[in-house]
Amino acid sequence: MPARDTVSPDGVSTLPRPVSTQLTRGVHPLPRPGTEPAARRVRAEPRAGTTLKVSVVIPAKNEVRNLPDVLTRLPTSSLHEIILVDGGSRDGTVAAARRVCPDVVVIQQTRRGKGNALSCGIAACSGDIIVTMDADGSTDPAEIPFFVAALAAGCDFAKGSRFLAGGGSSDLTPLRRAGNRVLAMMMNALYGTSFTDLCYGYTAFRAQCVDRLGLPGTDGAAAERGDGFEIETLLAAHAASARLKLAEVPSYEFSRTFGQSHLRTWADGWRVLRTILSERGRPVRRPAAGSRSADPRFDDSRPFDSRPPNAHPANARPFDSRPFDSRPSEPGEQR
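Residue 224 in the numbering used here is what sits at position 224 of the sequence shown, and the numbering runs on without skipping anything.
It is possible that some hints are incorrect.
[As the list claims (entries may be wrong)] Label-pair distances were calculated between CB atoms; the ranges are:
id	residue 1	residue 2	range
1	Ala-267	Lys-53	17 to 25 Å
2	Thr-72	Ile-107	19 to 27 Å
3	Ser-77	Ala-221	37 to 45 Å
4	Ala-123	Thr-51	34 to 42 Å
5	Ala-222	Val-182	24 to 32 Å
No lab work stands behind these hints, which were simulated from the structure alone. Built from N, CA and C at the ideal position, the CB exists for glycine as well.
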């Protein structure tokens, strides 16, 4: 098991380990640096002068013993904001978070469940990139730059994988590992994707794509689909249905530092299965006028094309691997 990295990374200009190792249908993992032909390499660093505002969303409920350690290991100098979504904690979680991170933005979720907490937190974000991670110490804050690099290299939605080279887990039981594999196979067969890990909550995506992810609403007391642990699957299904450019990033899952997991293996597994089946073919909500997703400067409708560059017709537009640039376009500027 790798040791936790206690040094906060400085930016994403270098990648000391590969972001991914394969190029497969539907999912766009980034290549191991130096192993792809020059024409196929994807840049892993933002364009010079580009500032990517990164928002981190952390849902928490009664995590007073775990959350302070997570917050102290965040690369705060590289982050735009930290959104803590509290689920009605009674153990002093919020007070502990504010002691170690005075700038943390605390909001209360409107219903129960991880999915509702993430929806509330995402709605409060103002950054260009949104990263979701857990409060129990299982997701490593030192990996944030790798997720940001995947998006800066041209992808829209990056999902952590414990099963790619460089990833792993000290928390997965044999039952959960087997269930995850079966559910991922079903997801890939029905949605034409190639996810290696489905039930894992370390994700990152461009804020301009939020309207296309079909998140559960945050108003009202009645529960909605996606309010629970199935939110990771719902996001992946909607990202695939919206034809966003997808990536997987190797990630190591540590065991929960203190306390017991809120995950219910069988009950939540059935919720994931129902989500896979019910969301296939469901229309994805289109961007509203005036939203960042509706900005004509952004073209996220093109699917990722994994063919070699010389296989493109003469007039075809190949996959644009330039890093995401959040700056406003100047009149007449070519992007």
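A quick look at each hint next to the structure:
As the Cβ distance of Ala-267 to Lys-53 is approximately 37 Å, the hint placing it in 17 to 25 Å is violated. Between Thr-72 and Ile-107 the Cβ separation comes to about 21 Å, which falls inside the hinted range of 19 to 27 Å. Distance hint check: the CB atoms of Ser-77 and Ala-221 are about 40 Å apart, consistent with the given range 37 to 45 Å. In this structure, Ala-123 and Thr-51 break the distance hint of 34 to 42 Å, their C-beta atoms being roughly 23 Å apart.
Separated by about 31 Å at the C-beta atoms, Ala-222 and Val-182 satisfy the suggested range of 24 to 32 Å.
Comparing the model with each earlier hint shows violations of hints 1, 4; every other hint is respected.
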